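K.L.:
Assemble the complex: chain A is given as a structure, and chain B must be docked to it using the hints.
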Amino acid sequence: MSRSHPRIRNSVTQYDASGHNQAPLPLVGASDQRATVGLSYMTYEQLDEFGTELDAIRQRVLDDLGQADANYIRRVIRVQQGAEVLGRIAILAGVFNLWVLGAGVVLLGLSKILENMEIGHNVMHGQYDWMNDPMIDGRRYEWDNVAPAQDWKHGHNFLHHTYTNIHGKDRDIGYGLLRIDEDQLWYPNHRFNLPLAFLLMLFFEWGVMYHGIELDEYLSGKMSKDEFTTRKRRAYAKVRRQLFKDYVLYPVIACALIPFVGWWAPLAVLGATFVANIIRNIWTFLIIFCGHFPAEVESFAEEDAENESRGQWYLRQLLGSANISGSRAFHVLSGNLSHQIEHHLFPDIPARRYPAVAREVKVLVARYGLHYNTGRMSKQLWSVASQLASYSRKPSDPYKQGKSPENKALRRAKRERELQNVA
Amino acid sequence: MGVIRTALASAPVRALTSPHHPDHYLERIHPLATAEAVRARVVDVRRETGDASTVELRANGAWSGFKPGQHVQFGVEVDGTRKVRVFSVSSSAARSGRRFTLSVKAHPDGYVSQFLHNELKPGTIVYLSQAEGEFVLPDEVPERLLLISGGSGITPVMSMIRTLKDRGHTGHVTFLHYARSRNDEMFTDELDALASDNIDVIRVYTREPEADASLSGRFTLDHIDGIDSDLTFVCGPAGLIATVRDSYAEIGASDRLRMEYFKVPSVDLDAADATGTISFDSSQTEATNSGATILEQAEAAGLKPDFGCRMGVCNTCAVKKLSGAVRHVVTGEICANTDETIKVCVQVPVGDVAVAL
Chain A
1 MSRSHPRIRN SVTQYDASGH NQAPLPLVGA SDQRATVGLS YMTYEQLDEF
51 GTELDAIRQR VLDDLGQADA NYIRRVIRVQ QGAEVLGRIA ILAGVFNLWV
101 LGAGVVLLGL SKILENMEIG HNVMHGQYDW MNDPMIDGRR YEWDNVAPAQ
151 DWKHGHNFLH HTYTNIHGKD RDIGYGLLRI DEDQLWYPNH RFNLPLAFLL
201 MLFFEWGVMY HGIELDEYLS GKMSKDEFTT RKRRAYAKVR RQLFKDYVLY
251 PVIACALIPF VGWWAPLAVL GATFVANIIR NIWTFLIIFC GHFPAEVESF
301 AEEDAENESR GQWYLRQLLG SANISGSRAF HVLSGNLSHQ IEHHLFPDIP
351 ARRYPAVARE VKVLVARYGL HYNTGRMSKQ LWSVASQLAS YSRKPSDPYK
401 QGKSPENKAL RRAKRERELQ NVA
Chain B
1 MGVIRTALAS APVRALTSPH HPDHYLERIH PLATAEAVRA RVVDVRRETG
51 DASTVELRAN GAWSGFKPGQ HVQFGVEVDG TRKVRVFSVS SSAARSGRRF
101 TLSVKAHPDG YVSQFLHNEL KPGTIVYLSQ AEGEFVLPDE VPERLLLISG
151 GSGITPVMSM IRTLKDRGHT GHVTFLHYAR SRNDEMFTDE LDALASDNID
201 VIRVYTREPE ADASLSGRFT LDHIDGIDSD LTFVCGPAGL IATVRDSYAE
251 IGASDRLRME YFKVPSVDLD AADATGTISF DSSQTEATNS GATILEQAEA
301 AGLKPDFGCR MGVCNTCAVK KLSGAVRHVV TGEICANTDE TIKVCVQVPV
351 GDVAVAL
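From first to last, the protein sequence lines are chains A and B. Residue numbers for the first sequence follow our numbering, so the first one is 1 and each next one is one higher. Residue numbers for the second sequence follow our numbering, so the first one is 1 and each next one is one higher.
Excised from the complex, chain A in its bound form:
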């Protein structure tokens, strides 16, 4: 993964919150200028303190990990697998009874939601690596989704979680498809923000898979052809396996039921599985969009975050995320990503700890006079939809229009500067 790592220049002093000797910074700028992230809220000293306090919360949780956490994730897996097996059986049996078919769809959808969110997403963050169980190991786990784990982890764990909400670095701001932030340039296709978001919602796993191939990186010359071909191959292989299982194998099993109900039995199974996948897509889309795209979530320019300290990194995570309030079951179904803020502060601690961590974080946030962005799902969704609608309109400022002559001139100037720097 070394390809997309920023060059580390050793000449730059590394600012950090804990006084340790080595932890490198994600963004190292050419100058010694310190990052400006968070300066409107507190001083550098306070930022360092803020970082130290969050480090301490993290350590307290890590020290406390044990049997209860292991039992929890295994219990979730057991429930998920139970739902999956029952759902598949109900879908097969559903050719005799529509209610059973409906129950099967819901169960399979539920299973895929749990598998992708509370299990897959969290396990692939390495949240359970301390258990040393090969079946729930962050490096080996592969999820029930068309996006191959490896490429998703690169885009999500590394790019998105390190460079959260930094324009030009975090590829998850609008996923290269939508305009969701004031500071994104407007292009004519953004007029279709809302319908495009709706389609992305229905086919979200395909969007994630396509996003992970990083075609744009390849086209802009930042990725080698070899790397791109490898990513494409991995994606094809994963897609083939997923399609074969969901839309060939299980329908083929249903062929045994043709003598009892008629020729359409495999089609019913195929259709039901398709709907289950769509249910999962819609749910994951909604949760994830509520996590970063409501109004009041801040985004950052690369220059603001260069040479940032650990405290600033933490603050950027807090300012760049939003929580959703809800019941315990809701949190589990969201993979505890409803605690997006805590997840972004501590992406590698087991998600079941986030509700407790949130209580400590809120106290800290109040003490520093910061805003803790949270709200009901309806409120956050409405906020996201309004954002999508308002940013779909062409901005009057020509510097915010991607194709305006002013912006083209800006980009040309930047390219020339970069060329000079290289020379």
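Honestly, the hints are just simulated from the structure, not real lab data. A couple of the hints might just be wrong.
To be verified - Covered stretches of chain B (chain A as the covering partner; in silico rule of three or more C-beta atoms under 8 Å from a C-beta of chain A): (1) 15–24; (2) 73–83; (3) 310–317; (4) 331–343.
Values in this document were obtained by computation on a predicted structure and should not be read as measured data. Yeah, the Cβ is synthetic: ideal placement off N, Cα and C, and Gly gets one too.
P.N.:
Chain B only, in chain A's frame:
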């Protein structure tokens, strides 16, 4: 593996459970019901000496047996974490069925061996690998065999000699064993009764020699003077191995020697910064610990490990640490377990460390 397990691990079933392995589902039904993952139930734990135990296991059907001399990875789950160490099989390979024993000397710093010796209870389920290792009796056992072991190095050799006895091996076997004292010796009663027409047993107690002992002190070439052998197996601490290897080289018999020694990784939690050696196991490289993060040291050694954020967030650089202690650069926390996953971008070695890079 039986027919059912073979079927459960077959390609069509894998396709149905994709992207997960069928074992992912089977272990939810029962931890021993896995098709490919080897697991076992502890049948009995017996004390051999004050600090050594034998654990008798009954493996599930995924176990494909062992050859005398092999070892297995042995994992126990304690407080949610699986801790793994490698132990030698000590029982006879001639016995049918899936029962076998491991014999283990509790190492003062060895978490798993201490746990096995002091706390492991019958009925516990343990996580194994298939039997591994090249230190095995050949299918055609030569006419004159010499087995040398020191301390807990007796375990694989015990498996060999028990197998030979059970198979009614008629060739001549000499078994030369070194222990500190009779109290410190494993399998004492069995060794007392082992000698027969074709098996010579010679025991040397290095610290508390017996009055009528034929040999004394540590291994020297004199100890095998007059013992003719076509093939020699030696297992024990590094010192014994080195002496035997040099002696065989001296008499030009190196090709007749098979060796295995235990590496007891040293863990010194108080080691000063930038001391010890860092071993990159997969690339068979070593470097002197410079005090930088393991990721930086690996890069300095010319390796190209995966990495992402370089600040301990993204988990891209996570690898198995095989042994040794490491310190988190931010929190200062020290982790000293064998076989645990660490993010090498934020860990510095404390003394000797081996990682799977």
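K.L.:
Under a C-beta cut-off of less than 8 Å, do 3 or more residues of the stretch 331–343 of chain B approach chain A closely enough to confirm the stated coverage?
P.N.:
Answer holds; 7 residues pass the 8 Å Cβ test.
K.L.:
With a Cβ-Cβ cutoff of 8 Å, does the stretch 310–317 of chain B contain at least three residues near chain A?
P.N.:
holds (count 7)
K.L.:
Are there at least three residues in the stretch 15–24 of chain B whose beta carbon sits under 8 Å from a beta carbon of chain A?
P.N.:
holds (count 8)
K.L.:
Establish whether the coverage given for the stretch 73–83 of chain B by chain A is satisfied; the threshold is a Cβ-Cβ distance below 8 Å, and no fewer than three residues must meet it.
P.N.:
holds (count 7)
The earlier numbered hints are all upheld by this structure, with none contradicted.
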